[in-house]
Amino acid sequence: MTRRENRDGGKGGAQDHAARSLTDDLDALRTMTSRDLPPLASMLTSMPVTKSATMPATNISARGRAPTALPGGILMNALRKAKMRPWLATGLGTAAVALVLLFIPVSYDRLIGSELTLRLGSAEIAPSALREIASDLRTKLGAEKIRVDVDAAPQGGTPNCTTLTAEIPDASWRRVSRLAIEYARGLAERGIQAAPRVRPRFEKAHGNVYAAIGNLAEIRIQTEGKSDQEIAAEIQGQLSAAGLTDATVEVNRQDGRTEIRIEAKKTAIGDEGAADGPCCPELRITLDGQEPGSPQIQTQKCEVRVQRTEGTTDQQVIDDVKRQLQEQGVNDAQVSFDENGKIQIKRPGQ
Amino acid sequence: MEPRESTERWTRLLALLGPVHDRTRVTARRLARTRADGDDLFQEAVLRAYTKLPSLRDESRFPGWFYAVLLSVHRSRARRAAWRRFLSLEHEMEHGFDPPDAAGDEGREERWRAERASRALASLPAVQREAVVLFEVEGYSVEEIAAWQKASVPAVKARLQRGRARLRHHYERILTRSTRPGIIRRESGRPIEEGRSS
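Chains as they are written, first to last, in the working numbering: chain A, 1 to 350; chain B, 1 to 198.
If you're looking for bench data, these hints aren't it; they were derived computationally from the structure. Note that the structure is predicted; figures quoted are calculated from it, not measured. Where is the CB? At the ideal position from N, CA and C, for every residue including glycine. Any given hint could be a false lead.
Said to hold, decoys possible - No farther apart than 20 angstroms at their CA atoms in a straight line, the calculated lysine to aspartate or glutamate pairs in the DMTMM-like style are these:
1. A/K81 / B/E138
2. B/K150 / B/E138
3. A/K346 / A/E327
4. A/K83 / B/E44
5. A/K83 / B/E138
As the list claims (entries may be wrong) - Every beta carbon over 12 angstroms from chain B, so not counted as near; a handful from chain A, in silico:
6. A18
7. R20
8. D25
9. M32
10. M84
11. R85
12. T94
13. P196
14. R199
15. D288
16. Q307
Here chain B stands alone, though its shape is the one from the complex (with noise of 0.2 angstroms):
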């Protein structure tokens, strides 16, 4: 490809993304386990963005088109995270939303709420977390996720379904270690004020 191709299409492509960037920013950072890997996997979307825009051809539908390319490159890095997480430290090493201290107490309780969402989302299998953040943390229809998941309606549906159940299940089983008698809460990570048991 010729260099002034190439910028050419890198200007295109600026022009597309600039009013669907923040959204699908905070949709990458939903779908990603922190604020940092969510950073990651929007670049990484932009980037094979850039390589597959000459095959839009109707630029209207550009932040569907944007929305397929950000699910398809978040289902390829799940793969590869599961082969990741036998060898990286980074979830020993991360460091969640915010800086410490960013916000006070009451942003402290935020962003271990945040945390905790963004944990038991982890837990879902990739479309299935999809599903549920697209629907009910960025309220989009049904067959909006069903159009960008590539997937018919009753399908995603299914997935909310399932997706929903875990969750659930993933809550039920938290809170109930975490107010056991002599269970320390080690699984929510929620600092404990001394002399407070819950």
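Next comes chain A alone, as it looks inside the complex (with noise of 0.2 angstroms):
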């Protein structure tokens, strides 16, 4: 017998096993299933039509029932038409989490920007020095509050090191730290040894679930009291704890009518724009109580992303824009460079 044969042969074997093993099956599986039938009385007692059926026609009417219904409340029928669609069930069983999750309040920590320690070395640092320091984090990095500590002579000899902390608002961990190791570098250039460390700033917030994920920036403004320039402030100081820090708002209040507009913008380098989602968390204006949707607040929100490479034209870029614009229906917009490079987008009457 060749391999061949043999090989065939293993294989016909398997095949008639096989359908052996089906056939008595298949017979095991006909005796087995026709033992202890119940009698169909004894199947009907257990059943609720059956009951209902039956029931005294008093009764029925008592209930307010059709004798044809199943047995249970509105609760169960809908139970039972659920489990009839499941897959219906599913979608209105998370819509309704969903619903539910926009007005349970939870408690979070939101980013509010960073700190930066930069601890200077050893040497003693003029006063002068140390204000020009100051001076620089607040230009360059934006700082805010910043506080000098210096650690105790020993024996009444020079500090040992003296440690400049600054909370800065931009919430980009990784943005602070470049600019911040590129800042100590220079005063490394300068003599002055400095370590900088980048830590991120939390605070205790209420808000939804959605907002607690970071998708939506909440802003609530109350205009009565204020002027223009203390409301622009406002907002400014919510967008920067949103994440938005180099947000510039405009705010005009005439006729009773308050304009409020927000520019906010995003630089990325490299391939950090590359990604589809959005740029900016999604904004939700509350302005003196009134929420967003209703028939008092009016918005319009446009986003126009610049991808800038080697080789692209102020021209390109501008037409780029006002394509985008377009898109999301604003015809009349006017786009040019300003003098430092910056897009300038203006409308008719602004």
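Mind assembling these two chains? They're in different frames, but the hints should get you there.
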């Protein structure tokens, strides 16, 4: 017998064995399922419809239910129907949960900026140099609330170390770190050794789950008794807390109408901006207690992405921005570059 | 509907169901994965038959009509089961056809074989399972099955052919796995005596 015959024979044997087993098993199934059949009457007594069908008419009418209806109230019937349509039930359930999450306030830690600690070398630093460094931190990193700590000098000698701690509203830990390292290098060139350390700053916040996730920035404004500049500053503060640190805000109030213009920009380097997701969180603005969506509040949001690579001309960028604005329904915008190379987008009357 | 009308309808259904009760209930058990599931399937079919009874004009055609209802309910349940298998623990909790030790060693072997057949049938799509059970196990003709399944005769033949092929493949697979050295026959679930390898 050749090897091929052997193999074929083995396969044929397995098939025969499988066919025999299948036949035997189906015979066993035939026998087993025929055993212990309950009489029809015993099954019917356990069926709910039997009870309602044989129920006296007076009882049925007293309950106000059709005799063919299955027992149970509205809730039970709804549950029964939901079980018949599991996908619909899941969808409705998810929608209900999402709706509930909109209203349930949760407490969470919100990222509000970064804290930069700049530890200067052991050499004594002149107060004028410290003032200069603090000024640099303000201008280059946008630092606020700068604190200077000097380690106590042992036995009245020179202090061991000077530490500057600054609060920076920029929530981008990576960007602040990069700027801080660059600045520390600059200090080293001037003969001042500095070790920067950046940590995120959080504050306790209360809001719905979507705000907690970070895709929603809740801006709540009370205009009463405040000037336009004060309102703009308040909005700017809330925007910075939501991570939009370089937003510009303009507030104009005329004839009982308040117009707020928020312009936020995010700069991406390299592949950072390649993702298709939204560049900024969704803004939810509540003005004087008027919730978004109420007829008193009209909002318009435009998002423009500018990708500039080597060789791209200003005109190409302008055309691209105009196209994106037109796609979002803004046809009358004037786009230009100012003397600093920044893109200006204006609409007639603004 | 008036209560009297409801009772009359129910009495009529009982009278019609009596002669076919045993064979239709057995079919329901064979279509389902377990005996309990089969009994549930039968009860649901009876409920649907009760609702649809006014549409039955010729009472002499009740057996075929009820089989069509049973198969329709079976397919609805199969669709629901596809969803339920992600949620339910019943697969883990089922006890098969008979309580243990009900029929001695011989009965145990038979029960094991029946469970294996049920598992294999459960792996088929609902329409193929119906065709195989009704033709191979129950012995109905292709024409009868076609009428109950509301399908053409060639369609039923194709379902039978595909169902048989899948069953054979299933058996070849589990038998090959169970005879491979070093593999314990977990799939078949057959009790193995100590010291025996097959």
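Against the structure, the hints come out as follows:
This hinted pair does not check out: A/K81 and B/E138 have alpha carbons roughly 34 angstroms apart, beyond 20 angstroms. For the hint pairing B/K150 with B/E138, the CA-to-CA distance comes to about 18 angstroms; that is within 20 angstroms, so the pair holds. The hinted pair formed by A/K346 and A/E327 meets the criterion: a straight-line CA distance of about 16 angstroms does not exceed 20 angstroms. At most 20 angstroms may separate the alpha-carbon atoms for a hinted pair to count; A/K83 and B/E44 meet this at roughly 14 angstroms.
Proposed proximity of A/K83 and B/E138 is contradicted: the alpha carbons are some 32 angstroms apart, above 20 angstroms. The beta carbon of A/A18 sits about 4 angstroms from the closest Cβ of chain B, which is not more than 12 angstroms, so the claim that it is off the interface is violated. Distance to chain B contradicts A/R20 as a non-interface residue, since its nearest Cβ pair spans about 9 angstroms, not more than 12 angstroms. Non-interface status of A/D25 relative to chain B is broken: a Cβ of that chain comes within 12 angstroms, the nearest being about 4 angstroms off.
Chain B draws A/M32 into its interface by the beta-carbon criterion, the shortest separation being 4 angstroms against a cut-off of 12 angstroms. A beta-carbon of chain B comes within 12 angstroms of the beta-carbon of A/M84; the shortest separation is about 8 angstroms. The claim that A/R85 is not at the interface with chain B is violated, since a C-beta of that chain comes within 12 angstroms of its own (minimum 9 angstroms). At roughly 15 angstroms from the closest C-beta of chain B, the C-beta of A/T94 stays outside 12 angstroms, upholding its exclusion from the interface.
At roughly 52 angstroms, the least C-beta separation between A/P196 and chain B is larger than 12 angstroms, which holds for a residue marked as non-interface. Distance check on A/R199: its Cβ is at least 44 angstroms (rounded) from any Cβ of chain B, clearing the 12 angstroms threshold; non-interface status holds. Under the 12 angstroms C-beta cut-off, the non-interface status given to A/D288 relative to chain B holds; the minimum distance is some 48 angstroms. Look at A/Q307: its CB is around 44 angstroms from the nearest CB on chain B, clear of 12 angstroms, so calling it non-interface holds up.
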